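Under UniProt numbering, the residue at position 1019 of the sequence shown is numbered 1019, and the numbers go up by one with no gaps.
Simulated from the structure, these hints should not be mistaken for laboratory data. Keep in mind it's a predicted model, so treat the numbers as computed, not measured. By construction, the Cβ of each residue, glycine as well, lies at the ideal position given by its N, Cα and C atoms. A portion of the hints provided could be inaccurate.
In silico SDA-like cross-links for lysine to any residue, where the CA-CA straight-line distance does not exceed 20 Å [claimed, not checked]:
#	residue 1	residue 2
1	K103	T62
2	K68	P51
3	K771	E781
4	K870	Q1060
5	K177	F243
6	K943	N383
7	K103	E175
8	K392	L412
9	K498	I545
10	K773	N1203
11	K251	G197
12	K248	L190
13	K771	N1207
14	K68	Q92
15	K1147	H1114
16	K1147	R1096
17	K771	N1203
18	K168	V244
19	K158	F228
20	K223	N206
21	K740	I780
22	K943	E900
23	K751	K1147
24	K177	L124
25	K1009	Q1022
26	K1168	I277
27	K137	P51
28	K158	L124
29	K158	L190
The following label-pair restraints were derived from C-beta to C-beta distances [unchecked claim]:
#	residue 1	residue 2	range
30	D1121	G250	50 to 60 Å
31	P690	T1005	16 to 26 Å
32	P1031	R109	47 to 57 Å
33	K392	N860	54 to 64 Å
34	T1005	S629	51 to 61 Å
35	T734	D1014	34 to 44 Å
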Amino acid sequence: MNLDFRPFDLLGNVYKNGNILFHPTTDQLYSTINNKIKVFDLKDNVSSIMPFTSNYNIIKFTLSPSGKLAFIIDCLGRGFLVNTSKGVSLAQLKLTRHIGDVKFSPCSRYIGVAYDGKVEVFLLNKVTFDSFNSWVKTCSLSISTNRMSTLNWSDDGKLIIVGGEDKKFVVFQPEKKIPDNLKKTVPYRLIESHRAGIVNCFFLKNSYDCLTIDERGLANLWKSNISFGKLDETFNEDGKRYFVYYEKEGKISLNDSASIARNVECTNATFHSKNNILVTSFSNGAIAFHEIPTFSLIQSLKVGDVAVKSVAFNKDGDWVGIASGGSSLGQVAVWEWQSECYIMNQQSHTHIISCVKYSPCGSIIATGGMDGKVKIWDARSGNCLVTFIEHKASITGICWTQGGNVVLSSSLEGTVRAHDMKRYRNFRTFVCPEQTQLYGVTTDSTADLVISMAKDDYKIYIWAMDTGDLVDVISGHSSRISGISLSGNNLASVSWDKTLRITNIVDGTNEVITLTDEALDVTYSPCGKILAVLTFNSSITLYDIRTTTTVGIIETKYDVDSGRGAFEIIKKETSQRNKTFEFIEFSPDSNFIIAAGNTNHVCIYSVRDRMLLKKLQMTINFSFDGVLSDINYKQLSEFGNLDLVELSSDEDDDDLGQKKKMALAGSKISDKSERSFKPTMRANAISFSPTARCFAVANSEGVLVYSLDRYEKFDPFLLETTVMSKSFGNVVRTYDEELKFIEKIGPCEYKIKTGFVPNMNVEGRFYLNDKIKAHMLTEIEMCCKRGNVGGYIPAVKQIANVAGLPGIIGNSIGLPDMHSGYGFAIGNVAAFDAESGDGVISPGGVGFDINCGVRLIRTNLFEKDVLPVKEELTQALFDHIPVGVGSKGIIPIGISDFEECLEIGMDWTLREGYSWTEDKEHCEEFGRMIQADATKVSTRAKKRGLPQLGTLGAGNHYGEVQVVDEIYDKFASKKMGIEDVGQVVIMIHCGSRGLGHEVASNCLTSMVKAMNRDGIHINDTQLACAKINSPEGQDYLKGMAAAANFAWVNRSCITFCVRQAFAKTFNCTPDDLDMNVIYDVCHNIAKFEEHIVDGRPKMLCVHRKGATRALPPHHPLVPVDYQLTGQPVMIGGSMGTCSYVACGTEKGMEATFGTTCHGAGRAMGRSKSRKTISFEEVLDDLKQKGISIRVASPKLVMEEAPNSYKNVTDVVETCHEAGLSKKTFKLRPIAVIKG
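Please build the complete structure, drawing on both the sequences and the hints.
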């Protein structure tokens, strides 16, 4: 009997004041909720709460650079040094109630605290031969009479910058040695240049230059006179040391730059020093991204109508955490600014959660609140899957049907609504014949009947699920009905009239049992043998269902142990008599009963022994009423108890964070019509998981989930180095030794010998010419210098790692455009045995942008026709194709149609009129992968993909108007409709957007478990895979196919927009312009194909990541129009450079499974591109070439600059020389649109 239930997660509430932070080394997001800290693990898709809890609400916390320590401050000013993995408080420090900011030094040995008008620095864990001090103050600096609000350290830990409400900021050098006299003068520089309080201030990367932002949105950049790291060498001509001083180098109004009204306050800011990106938040819910030091606006968005309280970057600077509201409404979002989509976006219930219920499978939790919303939560990830808002009054009951396909909810508006969990819609509403208020809802095992009660009318209503008609009304109680429960045909109801009535809903017979006191709740056991009734005298009476005789009584009155409320004026003994448990629930095995109600405790009782087994305290947070066992007499005054008085009108003060905001009746959440009150801790509903491993309690704080299971993230740093070496064969060699494993076997073909990395099953092959070989060699040399330390793996080693996967056939192949990617290199091809059962499928071999591909559309126009209207045409394309931040597709589509398009692909666009019949014929797989299954695509993926249909996206995706520059094969070109040089075509490059990313991410976790089960060993964790015939493998293949169909539909919708733009510009129809699709190819996909292996046909699962299928002439999968030429292959260049069209060859079919390159291939990382390339120079260079360009995010242009990529001509020539594909014609861009 395991009853070690511990708090595991808190649902229904995602943020409450305080700040949010990302873990410095992982993808975990930390958010404060009252006295708890919630942890969202965005990689493993798990949420939990940190084991540490304070006695009062947390208002500020920070993490050490390693993430192993946290410093947490509550509203009383107490600081706790906490071990983050175990949640254990290591030391405590008493500060003040008005804490502004706190930060660890870069070395983690010191911590700086800004409060009131002071800044103090403490040395952590000082050990001497005879003592141990957790805190030793090394520096104290009084700056102002106003509160200091922000603090940051320089990268070398030698300087601290502090800003406050007095509109000034201070830079000083903290004393790090234990001083003899704390009053010793500390050198500092005080600068005043702002007209409002400082919101945040930062040092730039490896520099003493700094950046300051105030509440009015003014940002100043300050230039230091001292170079980084030379602070100790600053002496003047007299030999005396002088301190750093600053000159203003630039300034900007962030409000004006982001088109935000000037009366809107800047509320917070964060700065990613590595990428030089500043993110600021505002009181109207807006977020702005700027590049530093140019202050160029990258993008802006709005996450809601309430103020954004906190923003934070993750370790790589790709994600931004956003916390809004915090009073009536709490919201936490994670925005991926490069792909312009939400990784996570969660909102709290705006009022108290009144009911909770686990789904029959136990993986989903439904909650209902007094805000009239029904929310569906993923029990593992803590994410809200869907919110139903049809109810207009408080939710009073939640119920699932036996199959888990329907959620029923009752409301005070007098209706019961049925919600379809597949299509997420309210498909039926059950209405009472007269106006009343309904409480509680249940249904029978077959989901044929829906039952709810009207407490005050003393009636029970029964409806038919299929028709929604009222079929029966049960009456008989003479006072308020307090609970109902159904088992088989027997409906049990209890009332304040001290009776239990058991009614047979089929024949209408009933039995009345007299109780000893007013009844509060009733429930049948899951086994159907016991009926439990809770009465006001705190007794749980157990009845045998067959004989309706009493089999036992559980006395709970001594276990209630309710705390004292601030409103109470009577004695404790008298108060206890009026408090009792109000809800009971059986465990799934019927062995236990859990009870909760008007108390801070939850009790678990044994049904057989009728005794208390476990007593759980929901919270120790004294910021809630009813937690203290006795009245706090210090709060009593001549005006009454101060807990009932709103002491402050300042929203930020919030009565020291101890009270909760409540919206007044009839007001919106964004209104200021709120009042503070101290909520009473109590339980409103309870629900046991069908697995019996956890249960949920809806209380004043949210839905507190207790679990027997623990989520402990594996820390690889806990392993010994010897263990790592033996287990994973970590091979460290010199550069010359590495080159011995690479052998040139042809003019542009190289072999990777087995042994280059451990566990290689086959050899590797890659194709390079002498011009692009240097890039590959540089990658290997840099890796050798680091000794294989770090996350970066050269593309050649990734190709070798793929050769170690089980079931691989032939070779692991790298194409000329290869570069390092996730697991597989981009430009990597690998085929796996699909017949024997040994082959695997790996999401890393497809990529996160599933079916990223290229479509080429021809026209009968020539360059001379387009040049006079080139700018007008470019703008028309930019207007018709949605790009940029927050853009949504213009294609009207609902969730049912969306699921259909995931399964039937381009057949959906044909039916709806967005495609031509010829488009489908000239599309790889004819625009549809038949194994697609929309049910294998998660709800979150669908929510991301639905608004993105028909959008171009960002990154390296583009739309280009091109002209034919050279023709190499006139016969093949003519077959494609290309008549002569100068003919105009349109190239579209995009993929499956956020939906494909989500499909890939969701499968990785399950595949890791599958590898452990099936004994699959890999060299790189990013190569997570599953056997093709396993459930995990099949689920991914079906979900991947659905994402691929989405990408084809997406490109088809963009094609529709392109045709409309051309028709508008040239005042004729697309048909008149002969705007037919030449071909549509994908270069991120895994497909089942038949290839010749060892002289006989064999079915293989071919992974192509950053590689394009190139089938030879006469292949059965090549369209009829191209049977004599081979499959067309579109090879896109970098922005502003040429592109190519090629055809497949027989040699390519034999050497690379019918595959060739897909583009130029990156030569420089995105981060390095942003640092070394100016976007103004890139745009000017394009204009000089006569290329018209429209870009939604100009700041991101440098990531796609030609210098960031290899020369596409060298890549295509390599494939041509190797015989992998044959050049057909060359294209030159004249107009570009990008996100």
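Consistency of the hints with the structure:
1. Taking the CA atoms of K103 and T62, the gap is about 6 Å. The hint holds against a cut of 20 Å.
2. The suggested pairing of K68 with P51 holds, with an alpha-carbon distance near 14 Å, which does not exceed 20 Å.
3. As the CA atoms of K771 and E781 are separated by approximately 17 Å, the hinted pair is consistent with the 20 Å bound.
4. The straight-line distance between the Cα atoms of K870 and Q1060 is roughly 16 Å, inside the 20 Å bound, and the hint therefore holds.
5. Between K177 and F243, the direct Cα distance comes to roughly 19 Å. Compliance with the 20 Å bound is thereby established for this hinted pair.
6. Simply put, K943 and N383 have alpha-carbon atoms about 13 Å apart, close enough for the 20 Å limit, and the pair holds.
7. Taking the CA atoms of K103 and E175, the gap is near 16 Å; set against the 20 Å cutoff, the hint holds.
8. A threshold of 20 Å between alpha carbons decides the hint, and for K392 with L412 the separation of about 8 Å falls inside it, so the pair holds.
9. Between K498 and I545, the direct Cα distance comes to roughly 19 Å. Compliance with the 20 Å bound is thereby established for this hinted pair.
10. Straight-line distance between C-alpha atoms of K773 and N1203 comes to about 16 Å, which keeps the hinted pair within the 20 Å bound.
11. In summary, the hint linking K251 to G197 is supported, as the alpha carbons are separated by about 16 Å, within the 20 Å threshold.
12. A hinted pair counts as satisfied when its Cα atoms are at most 20 Å apart, and K248 with L190 qualifies at roughly 14 Å.
13. For a cut-off of 20 Å, the pair hint linking K771 to N1207 stands: about 9 Å separates their Cα positions.
14. With a C-alpha separation of about 17 Å, the suggested pair K68 and Q92 falls inside the 20 Å cut-off, and the hint holds.
15. Restraint check: the Cα-Cα separation between K1147 and H1114 comes to about 14 Å, which is no more than 20 Å; the hinted pair holds.
16. Under the criterion of a C-alpha separation no larger than 20 Å, the hint pairing K1147 with R1096 is consistent with the structure, at around 17 Å.
17. Distance hint between K771 and N1203 is fulfilled; the C-alpha atoms sit about 15 Å from each other, no more than 20 Å.
18. The hinted pair formed by K168 and V244 meets the criterion: a straight-line CA distance of about 16 Å does not exceed 20 Å.
19. The straight-line distance between the Cα atoms of K158 and F228 is roughly 10 Å, inside the 20 Å bound, and the hint therefore holds.
20. Between K223 and N206 the alpha-carbon distance is near 13 Å, which keeps this suggested pair within the 20 Å criterion.
21. Under the criterion of a C-alpha separation no larger than 20 Å, the hint pairing K740 with I780 is consistent with the structure, at around 12 Å.
22. Distance restraint check for K943 and E900: the Cα-Cα separation of roughly 15 Å lies within the 20 Å cut-off, and the hinted pair is therefore satisfied.
23. Among the hinted pairs, K751 with K1147 is consistent with the structure: their alpha-carbon atoms are about 17 Å apart, no more than 20 Å.
24. Proposed proximity of K177 and L124 is supported: the alpha carbons are some 12 Å apart, at most 20 Å.
25. A C-alpha spacing of about 14 Å is found between K1009 and Q1022, which places the hinted pair at or below 20 Å, so the restraint holds.
26. Between K1168 and I277, the direct Cα distance comes to roughly 14 Å. Compliance with the 20 Å bound is thereby established for this hinted pair.
27. Under the criterion of a C-alpha separation no larger than 20 Å, the hint pairing K137 with P51 is inconsistent with the structure, at around 28 Å.
28. A threshold of 20 Å between alpha carbons decides the hint, and for K158 with L124 the separation of about 17 Å falls inside it, so the pair holds.
29. The straight-line distance between the Cα atoms of K158 and L190 is roughly 17 Å, inside the 20 Å bound, and the hint therefore holds.
30. Taken as a hint, the range 50 to 60 Å holds for the pair D1121 and G250, whose Cβ atoms sit roughly 58 Å apart.
31. P690 and T1005 have their C-beta atoms about 22 Å apart, which keeps the hinted 16 to 26 Å range intact.
32. Against the hinted window of 47 to 57 Å, the Cβ-Cβ separation of P1031 and R109 comes to about 50 Å, which satisfies the hint.
33. For the pair K392 and N860, the beta carbons lie near 58 Å from each other, so the given range of 54 to 64 Å is met.
34. Checking the proposed 51 to 61 Å range against T1005 and S629 shows it is violated: the Cβ atoms sit about 44 Å from each other.
35. Between T734 and D1014, the C-beta spacing of about 36 Å keeps the proposed range 34 to 44 Å intact.
The structure fails hints 27 and 34 (numbered hints given earlier, in ascending order).
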